[in-house]
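A.B. asks: Spelled out, the chains give:
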Amino acid sequence: MTLEEKKAEVIDDFSMYEEWLDKYEYLIELGKNLEAYPESEKTDDKLIKGCQSRVWLDYKVEDGKLFFRADSDAIITKGIISLLISVYSGRTADEIASDDFGFIENIGLKENLSPTRANGLVSMINTIKAAAEANRKSAAKEDDEVLSADDVKALAPMYENVVLALKQVYDPEIPVNIYDLGLIYELNINKAREVYIKMTFTAPNCPMADEVLNDVKVSVEDVPGVTGVKIDLVFEPVWDRSMLSEEARLELGIDLDDENSEPSEPTEYDGYGLH
Amino acid sequence: MKVEDIRKMFPALDASVYGKPLVYFDNAATAQRMDKVLSLMGDLSAYHNANIHRAVHKLAGDATDAYEKTRDLVKEFLNASSREEIVFTSGTTASINLVAFCFGEAFIREGDEILVSEAEHHSNIVPWQLMCQRKKAVLKPVPVDDDGYLRLDVLENMISSRTKLVAITQISNVLGIINPVKEIVNICHSKGCKVLIDGAQGVVHSGIDVQDVDCDFYAFSGHKLYAATGTGVLYGKKELLEEMPPYMGGGEMIGTVSFKETTFAPLPEKFEAGTQNFNAVPTLGPAMEFARSVASDSEIVSYNEKVRDYLLEALLSDDRIRLFGVPHRTIDKAPVFSFAMKGVHHEDLALILDKMGIAVRSGQMCAEPVMDRFGVTGMLRASIAPYNTLEEAEYFIKSLEKAAAMLA
Chain G
1 MTLEEKKAEV IDDFSMYEEW LDKYEYLIEL GKNLEAYPES EKTDDKLIKG
51 CQSRVWLDYK VEDGKLFFRA DSDAIITKGI ISLLISVYSG RTADEIASDD
101 FGFIENIGLK ENLSPTRANG LVSMINTIKA AAEANRKSAA KEDDEVLSAD
151 DVKALAPMYE NVVLALKQVY DPEIPVNIYD LGLIYELNIN KAREVYIKMT
201 FTAPNCPMAD EVLNDVKVSV EDVPGVTGVK IDLVFEPVWD RSMLSEEARL
251 ELGIDLDDEN SEPSEPTEYD GYGLH
Chain S
1 MKVEDIRKMF PALDASVYGK PLVYFDNAAT AQRMDKVLSL MGDLSAYHNA
51 NIHRAVHKLA GDATDAYEKT RDLVKEFLNA SSREEIVFTS GTTASINLVA
101 FCFGEAFIRE GDEILVSEAE HHSNIVPWQL MCQRKKAVLK PVPVDDDGYL
151 RLDVLENMIS SRTKLVAITQ ISNVLGIINP VKEIVNICHS KGCKVLIDGA
201 QGVVHSGIDV QDVDCDFYAF SGHKLYAATG TGVLYGKKEL LEEMPPYMGG
251 GEMIGTVSFK ETTFAPLPEK FEAGTQNFNA VPTLGPAMEF ARSVASDSEI
301 VSYNEKVRDY LLEALLSDDR IRLFGVPHRT IDKAPVFSFA MKGVHHEDLA
351 LILDKMGIAV RSGQMCAEPV MDRFGVTGML RASIAPYNTL EEAEYFIKSL
401 EKAAAMLA
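Protein chains in written order, with the working numbering: chain G, 1 to 275; chain S, 1 to 408.
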């Protein structure tokens, strides 16, 4: 079944239930029937941030296709992730990465979840997207071009200027620039003076993501000599505080040893003071 | 007074959600607003809107009168000894932060200790942590027992000569156990330390007489007491407030301002910097009046107790349910019921109950340390107001049963 056929099937299945309670029954069934996820592999790096309940998501790549598996301690959430897996598991990275995930809106799932749960759903989708992006072939990166010593010499100042440009972009939440935060995983410039950047965010469901990406693009494009910018957003490896530069650590007054000893339990988002 | 009469005062209670009548059981998060509160707020915004304490014109005079009259009403409501002891804030959190900052600046030295209970919400923990960081002081939690009662014996032993302040909730927003605040204040004062009572839940269910209890500070929010959001009160003993420096600068909190020197306004304006929430503060008037009339009406009081006792009994008699905050005597329990159900996730229950028209809270209730204390990742909480009926309580228990069956 193609991705489009599968999506149509899910929309069809969902539309059979008029009452939301029946839709929940359906999701609960899906949750119960989800393939078991080994307890020993429920590690923190597989945990999706931004959900009220805990959700673990993992995948493997076989024959160029991504196969997902997941679990949650809440059964309706498990049903939702099961639904996503049934649609996206066994697809190629390109197929998933170029999908708009719009069918979620067609089944009315998102607006029928409370904001915190809708956030969780967005986090799940972003994690699936990020997995696909990470396995996608990127054009600029794939160019196995050999740079001559002269090329390197000519490109070196450009690297410095691009880094300076990246340092002009700030994280919307932490008062440190994205470069010192360690959000830039890879930076390449090819002979054609095209810049390739592989970067991440501190959290997968960053609401400012588009703005930040645009800032990066505009800032790097402004560097003299740059002919193009390609940015790949990835969430693997997951960013953590150990990636902060020395300067950033000093600026934030973070002692890394202290930070590491803190428990990494997920905290409930309650920015509106809903006690 | 009958519950039906009360329900007529709250327009939101007529609502239906997903085609089912709304059962609002999330009152500990925020209560619904009375029609009198809503109309007063609309009226003040529409016809008496002017900044207070400044201009000489008529509208400004009306607005100032409405605001300052409310201060007198709050003074009476809390039985404070003077109106200067009543500071308007944006809510409990703002009140506690004010004390944490200003009391900290005035009285806290390196190595001093602050005590809070294990059952506090974050608003009565984090401000003290910030203060302790600033002043190199130490924050210590006083334990609660397995039933959710504060360990008064431990509290007594924990207070040392270094302890400068004890900040305790009157009623925990999770456990619902009513703390013996008068006794707590007695213990603390006998050892020479000051006491702040967090009345966010307590003001709703128990009320307070600050002179009788003799607490040094009392904080509460308007929105949990049927008034407009963004209103709140800090009560502080005059001699303490006098010695504390201002919190924020600007607006009418000044005496005279020059670039050489600025003097501050007397109490309470010293702590009310910037434009105040003058369209909303006066709604505390009808809200407090309502709270008082409910508390003094034996018919509605006994009806509310019936609802509470029914829920308590129903939750305690179900062996799949673990209730947090188990009262030794029913009068120790405010109608705030947090619980976990065996094998069922609190989020799933809340999600299904929502679709049945029931609004409850699930998660950590802004009180992660309480979750840790009882070893859970979250709870489900049903919190009841005087306008909730026995029929709603029965529907809730039935729906809970149904939801549990769906999830089993």
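In case anyone wonders, no lab produced these hints; they're calculated from the structure.
Keep in mind that a hint or two might mislead.
[As the list claims (entries may be wrong)] Straight line, CA to CA, 30 Å or less: simulated DSS-like cross-link-like pairs of lysine-lysine:
#, chain 1, residue 1, chain 2, residue 2
1, S, Lys-306, G, Lys-32
2, G, Lys-65, G, Lys-7
3, S, Lys-237, G, Lys-7
4, G, Lys-129, G, Lys-42
5, G, Lys-49, S, Lys-342
6, G, Lys-32, S, Lys-182
7, S, Lys-182, S, Lys-20
8, S, Lys-237, G, Lys-46
9, S, Lys-182, S, Lys-75
10, G, Lys-32, S, Lys-75
11, S, Lys-237, G, Lys-32
12, G, Lys-49, G, Lys-65
13, G, Lys-6, S, Lys-355
14, S, Lys-237, S, Lys-191
15, G, Lys-167, G, Lys-129
16, S, Lys-182, G, Lys-42
17, S, Lys-355, G, Lys-49
18, S, Lys-164, G, Lys-32
A.B. asks: Does Lys-355 (chain S) sit within 30 Å of Lys-6 (chain G), going by the straight-line distance between their CA atoms?
C.D. replies: holds, 28 Å
A.B. asks: Verify the proposed pairing of Lys-182 (chain S) with Lys-42 (chain G), using a straight-line Cα cut of 30 Å.
C.D. replies: Not OK: Lys-182 (chain S) and Lys-42 (chain G) at ~48 Å, beyond 30 Å, violated.
A.B. asks: Within a Cα-Cα threshold of 30 Å, do Lys-237 (chain S) and Lys-191 (chain S) meet the stated pairing?
C.D. replies: Satisfied, since the Cα-Cα distance of roughly 18 Å is no more than 30 Å.
A.B. asks: Decide if the proposed pair is consistent with the structure: Lys-182 (chain S) and Lys-20 (chain S), CA atoms, cutoff 30 Å inclusive.
C.D. replies: Not OK: Lys-182 (chain S) and Lys-20 (chain S) at ~43 Å, beyond 30 Å, violated.
A.B. asks: For a C-alpha distance cap of 30 Å, please report whether Lys-237 (chain S) and Lys-7 (chain G) respect it.
C.D. replies: Violated: Lys-237 (chain S) and Lys-7 (chain G) sit about 65 Å apart, past 30 Å.
A.B. asks: Are the Cα atoms of Lys-32 (chain G) and Lys-182 (chain S) separated by 30 Å or less?
C.D. replies: Violated. Lys-32 (chain G) to Lys-182 (chain S) sits at ~51 Å, over the 30 Å cutoff.
A.B. asks: Compare the distance between the alpha carbons of Lys-65 (chain G) and Lys-7 (chain G) with 30 Å, and conclude whether the hinted pair is satisfied.
C.D. replies: Given pair Lys-65 (chain G), Lys-7 (chain G) holds - Cα atoms ~18 Å apart, limit 30 Å.
A.B. asks: Holds or violated: are the alpha carbons of Lys-164 (chain S) and Lys-32 (chain G) at most 30 Å from each other?
C.D. replies: violated, 54 Å
A.B. asks: Could you grab the alpha-carbon distance between Lys-49 (chain G) and Lys-342 (chain S) and see if it respects the 30 Å cut-off?
C.D. replies: Holds: Lys-49 (chain G) and Lys-342 (chain S) sit about 25 Å apart, inside 30 Å.
A.B. asks: Can the restraint linking Lys-32 (chain G) and Lys-75 (chain S) be considered satisfied, given a maximum Cα separation of 30 Å?
C.D. replies: violated, 57 Å
A.B. asks: Straight-line Cα separation of Lys-167 (chain G) and Lys-129 (chain G) no greater than 30 Å?
C.D. replies: Given pair Lys-167 (chain G), Lys-129 (chain G) holds - Cα atoms ~27 Å apart, limit 30 Å.
A.B. asks: If you draw a straight line from the CA of Lys-306 (chain S) to the CA of Lys-32 (chain G), is it 30 Å or shorter?
C.D. replies: With a Cα-Cα distance of about 39 Å, the restraint between Lys-306 (chain S) and Lys-32 (chain G) is violated, given a limit of 30 Å.
Figure legend: structure checked against the earlier numbered hints; hints not met, in rising order: 1, 3, 6, 7, 8, 10, 11, 16 and 18.
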